[in-house]
Amino acid sequence: MNVSPRFLGRGSWLSRRDPRLLIVGLALFVFSVVQVWDVRLLAVLATIAAVYYRSAAIPFRAVRLQWAYVLFFVSFVVIANTLLTGGELGDSGADLHVYFRLPLLNTAISAESLTYALAQYMRFLSMAAVGFPIAFAIAPGDIGPAFARLGLPYKFAYALELTFRFVPSLAVDMQTTIDAQRIRGYEWERIGRGPIGKLRRTIPLLVPVTMNAIVGAEDTIDAMDLRGFGTGKRTWLRALAFDRSDRLALLAFLVLFVTFTILSLTGHTRLWVPPFLLPAS
Amino acid sequence: MTATTMPAQKMWQISARTVVYAAIGAALYAVAAQFSFLLPGTANVSLRPGFALVTFFGFAFGPVVGLFTGLVGNAVADQISGWGLLTSWNWSIANGVVGLLTGLLAASLVRSIPNRIVLSVVAPAIAVVIGFVIIFSDVWLGTAKDFGVAFADNYGPVVIADLIVACILTPVLVTAWDPIRESMGR
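Listed in order, the protein sequences are those of chains A and B.
Position 236 (the first sequence) corresponds to 236 in the numbering used here; numbering is contiguous.
Position 118 (the second sequence) corresponds to 399 in the numbering used here; numbering is contiguous.
In case anyone wonders, no lab produced these hints; they're calculated from the structure.
Heads up, a few of these hints could be off.
[As the list claims (entries may be wrong)] Below, in silico cross-link-like pairs of lysine-lysine (DSS-like), each with a Cα-Cα straight-line distance of 30 Å or less:
{"hint": "1", "chain 1": "A", "residue 1": "Lys198", "chain 2": "B", "residue 2": "Lys291"}
{"hint": "2", "chain 1": "B", "residue 1": "Lys291", "chain 2": "A", "residue 2": "Lys155"}
{"hint": "3", "chain 1": "A", "residue 1": "Lys233", "chain 2": "A", "residue 2": "Lys155"}
Note that the coordinates shown come from a computational prediction; the quantities given were computed from them, not determined experimentally.
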């Protein structure tokens with residue numbers, strides 16, 4: 001299990017940016033995307049997301065498992081939504097153009113439901129593409145200072161920094177415990193009897209890892225107490241500063257958000273069905 | 282076994298201990314969330330044993346630690362899997378609220394339910410049912426088309442799965458933690 005933060009985008013244009021840009025940019029992009037259903041506008045957003053992702057220079061071989069997970073999960077959400085909505089799309093403003101109905105479920109597969117599914121794919125994949133650089137193009141040590149400089153209370157920012165630092169060591173502890181229990185005859189992979197049985201099989205893993213982590217945390221707590229943590233405002237060793245490129249990129253994200261908010265408020269982002277999908281009448 | 286209470290003023294205090302326990306909880310949840318399995322007989326209900334860490338940390342260390350464990354742990358877990366830190370931000374908030382409510386309920390129900398093991402089942406159960414109401418925001422975000430879909434596809438499955446996990450594993454973790462806590466003098 002490798003869950004260590006990997007700085008795969010090291011040296012890329014995006015990795016040289018102030019990490020606050022990646023966090024604020026993602027938030028602005030996500031809030032822009034969630035307002036849009038028109039696939040033409042989503043194509044624009046997807047293109048922006050692709051260019052942004054390319055600027056992080058993340059090698060595909062290193063993240064193909066993560067992309068496979070995203071594709072699987074997005075497909076699941078899209079299929080479930082398409083099947084459960086039954087083609088009834090209230091905000092399309094028009095009658096459905098039904099191709100056929102699915103046997104058993106009687107779900108209508110229409111031009112509108114297919115466009116809706118496509119729009120969902122584009123929305124999720126765009127958001128994932130802009131989200132990936134946070135994992136792979138920010139130096140792990142910059143997470144805490146970035147959130148602190150974004151205005152988060154320093155105790156919260158420090159807890160966030162500690163979380164990212166603890167993840168690799170706790171993953172190693174988890175693997176060590178799996179190996180140690182395996183020597184005693186425990187097999188995580190073996191199927192338990194029913195959901196309760198399966199949950200019970202996780203107890204020999206979850207309990208020792210959790211208790212060891214809590215007991216081991218005493219050293220960190222003592223070290224922080226001895227250094228007077230919480231007695232005054234904390235400063236960070238890593239200094240962050242926006243340069244011209246950061247400001248321009250941030251402005252671009254802001255313009256994007258404002259533009260799509262106006263388009264949404266004026267009703268220009270609703271579901272649009274490509275004419276070639278409409279059956280000839 | 283009787284319950285111990287956390288004084289109200291101490292509940293919201295953020296010390297080095299709170300910060301470290303919160304970080305440990307979030308990191309553990311992020312790592313443990315990579316393990317999950319499908320509930321037999323269902324299409325999309327997966328049990329995540331790691332979710333018990335959210336309710337356990339809220340129960341054992343208070344609402345602030347519970348909130349952080351759920352909120353940040355879920356976001357970091359999404360980040361590790363490739364889904365993205367903020368893509369499902371409303372689900373991360375829901376997880377955080379479950380941790381927060383578990384801590385609050387554990388403190389407020391302690392007089393009504395003096396048995397700590399029973400309390401460690403009841404508090405997380407109520408917190409899960411209330412906390413995950415936040416994921417109905419999927420309708421606004423467009424992840425679910427309407428409230429019916431959000432209930433059938435998101436809220437119902439996640440509440441069933443997390444109720445099973447929280448009600449079984451939280452008391453187990455509390456039972457393991459209590460003697461250690463006493464030996465540490467906490």
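Unsatisfied constraints (hint numbers, rising): As far as the earlier hints go, only 1 is violated by this structure.
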